[in-house]
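Student: In case you want the letters, here they are:
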Amino acid sequence: MSETALTHTDTTVAPPMGMLAELTHRCPLQCPYCSNPVELERRSDELDTAAWQRVLREASRLGVLQVHLSGGEPAARPDLVELVETCAHEGLYSNLITAGVSITPERLAALDAAGLDHVQLSFQGASDEVTEHVSGMRGAFEKKCAFAGEVKALGLPLTLNVVIHRANIHQIDEFIDLALALGAERLELAHAQYYGWALHNRSALMPRRADVMTALRAVEAAQARLKGRLAIDSVVPDYYAHGPKPCMNGWGRQTINITPSGLGLPCHAAQTIPGLEFWNVRERGLADIWYHSPAFNAFRGTDFLPDTCQSCDRRDIDHGGCRCQALMMTGDARQMDPICQYSPWHDEVQTLTLEEAGRDEPFAYRRFARTARQA
Amino acid sequence: MNQALNDNTVMRLPRGVRMRHDAARGGWVLLAPERIFQLDAIAHAVMTNVDGKQSVAQIVDALAADFDAERGQIRRDVLALFHALIDRGVLEVTT
Ligand code: SF4
Ligand code: SF4
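For the record, the sequence lines run as chains U and A. FYI, the UniProt record's numbering numbers position 127 of the first sequence as 127, with every residue one higher than the one before it. FYI, the UniProt record's numbering numbers position 76 of the second sequence as 76, with every residue one higher than the one before it.
Chain U on its own, in the form it takes in the complex (with noise of 0.2 Å):
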């Protein structure tokens, strides 16, 4: 493959800013809500060091300006400091985001010295119980305030980012009052999406209207409160909202996800849309991926969106959602979203909500298949 793949730019479709860099799907936690899909990528398919520092490359070149690196747990890859480096000496600005469970203070130095510029921290919970009730791991609440602790002292800027469901939704505040007593700058409290691990685990985790709103209600008296000291992004749950996410801000329009194994994907979950045909990294330049696989170009714009769409003014705001909730729950991935409240299917998605939110399951924590599965 050669660098040099920007051979043909299509006028039409501008060039990505951001790149979700899926490192891993190797991780020490098990968040049942986890966005990696279910049938995990091992170890063994990873793309190696020469092949993601190709990747970053020739992200630069293409238009990348922001890289992601994530996984499962990116530190989870011995080479993440070499990696980091890469994205410095290209101008890549990189965003680590991190569990924080398994990073020394000597390694978090060698990455502060390599050049990264942001670290994004997740917390599971507020307290030790339920940061190990959701992550499956003991100690991991006290593990993360510690490497919170290490990244300010480098004074490296932090976020910190909350996956919201019913067995956290009760913490709100102490979420707010632990990124306040941390010294992080940001507090990104999303609420649960459901693909991947979340949809296998959606009857535990969805939360109840009347919670849903009381966290509103906080956040919101929060973000008035701490405007100026503490930046407070929240991501208001879809199910009970009536219009749908511009989800990615458009289908291949901004960013580029590319997972362990090295398949440029349009979004993380674009996988669970059958029929749809990815381009492998080690066989394609990016360019070549974002330009012209069938993947990309099979969303892109919104000409295929249903009428009801095509004659009204959020067309061009949300793009008519996310396809993976529109094929989820209609069976079409060119629906709009079920979400829009002028989805055929809105009434059946809103009983369902009702319906999960009354029910009282125990988590499937993610794991890899123990054997190959079958059907």
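Hints may contain errors.
[Said to hold, decoys possible] Just some of the chain A residues that point at chain U, by a computed CB distance under 8 Å:
hint, residue
1, G16
2, P33
3, I36
[Claimed, not checked] Label-pair ranges, simulated between beta-carbon atoms:
hint, chain 1, residue 1, chain 2, residue 2, range
4, U, H292, A, Q38, 24 to 30 Å
5, U, R229, A, D66, 44 to 50 Å
6, A, G52, U, L180, 24 to 30 Å
7, A, D40, U, H89, 27 to 33 Å
8, U, G301, A, I36, 20 to 26 Å
9, U, T308, A, G52, 37 to 43 Å
10, U, L154, A, D87, 23 to 29 Å
11, A, D51, U, R315, 28 to 34 Å
12, U, V236, A, I36, 21 to 27 Å
13, U, D233, A, R15, 18 to 24 Å
14, A, A4, U, P105, 36 to 42 Å
15, A, G52, U, P362, 38 to 44 Å
Bear in mind the hints are in silico, worked out from the structure with no lab data behind them. Ideal Cβ placement from N, Cα and C applies to all residues, glycine included.
With chain U fixed as given, assemble chain A with the ligands onto it according to the hints.
Tutor: Leaving out everything else, chain A with the ligands in the frame of chain U:
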């Protein structure tokens, strides 16, 4: 934290915010945690003077020398830009 800016205030980019040229799309951008700000030509001209050393008055003087515009107007534009960027957490006052 919307502190009043005056002629002696000195600004800098906080850690985790970088300005760079964006060759693919043309123009300049500020890269920040989870966000990208595209700068227009004027904002870029102002930001090239933000170095953690020059005061607001010095920046306004430098711009007044480069651009054919009234100094008071330049000062208002510079302060408006600084306030907007401070509010978004991508610019800070040196202490
Ligand atoms: S969501 Fe949890 S299990 Fe999944 S990669 Fe992140 S920390 Fe690991
Ligand atoms: S009809 Fe289509 S464009 Fe309009 S809000 Fe619903 S999904 Fe979005």
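Student: Hint by hint, note whether the structure agrees.
Tutor: We went through each hint and held it up to the structure:
no., hint, verdict
1, G16, "holds (3 Å)"
2, P33, "holds (5 Å)"
3, I36, "holds (6 Å)"
4, U:H292 to A:Q38: 24 to 30 Å, "holds (26 Å)"
5, U:R229 to A:D66: 44 to 50 Å, "violated (36 Å)"
6, A:G52 to U:L180: 24 to 30 Å, "holds (27 Å)"
7, A:D40 to U:H89: 27 to 33 Å, "holds (29 Å)"
8, U:G301 to A:I36: 20 to 26 Å, "holds (22 Å)"
9, U:T308 to A:G52: 37 to 43 Å, "violated (53 Å)"
10, U:L154 to A:D87: 23 to 29 Å, "holds (26 Å)"
11, A:D51 to U:R315: 28 to 34 Å, "violated (44 Å)"
12, U:V236 to A:I36: 21 to 27 Å, "holds (23 Å)"
13, U:D233 to A:R15: 18 to 24 Å, "holds (19 Å)"
14, A:A4 to U:P105: 36 to 42 Å, "holds (39 Å)"
15, A:G52 to U:P362: 38 to 44 Å, "violated (54 Å)"
Hint violations for this structure: numbers 5, 9, 11 and 15, all remaining hints satisfied.
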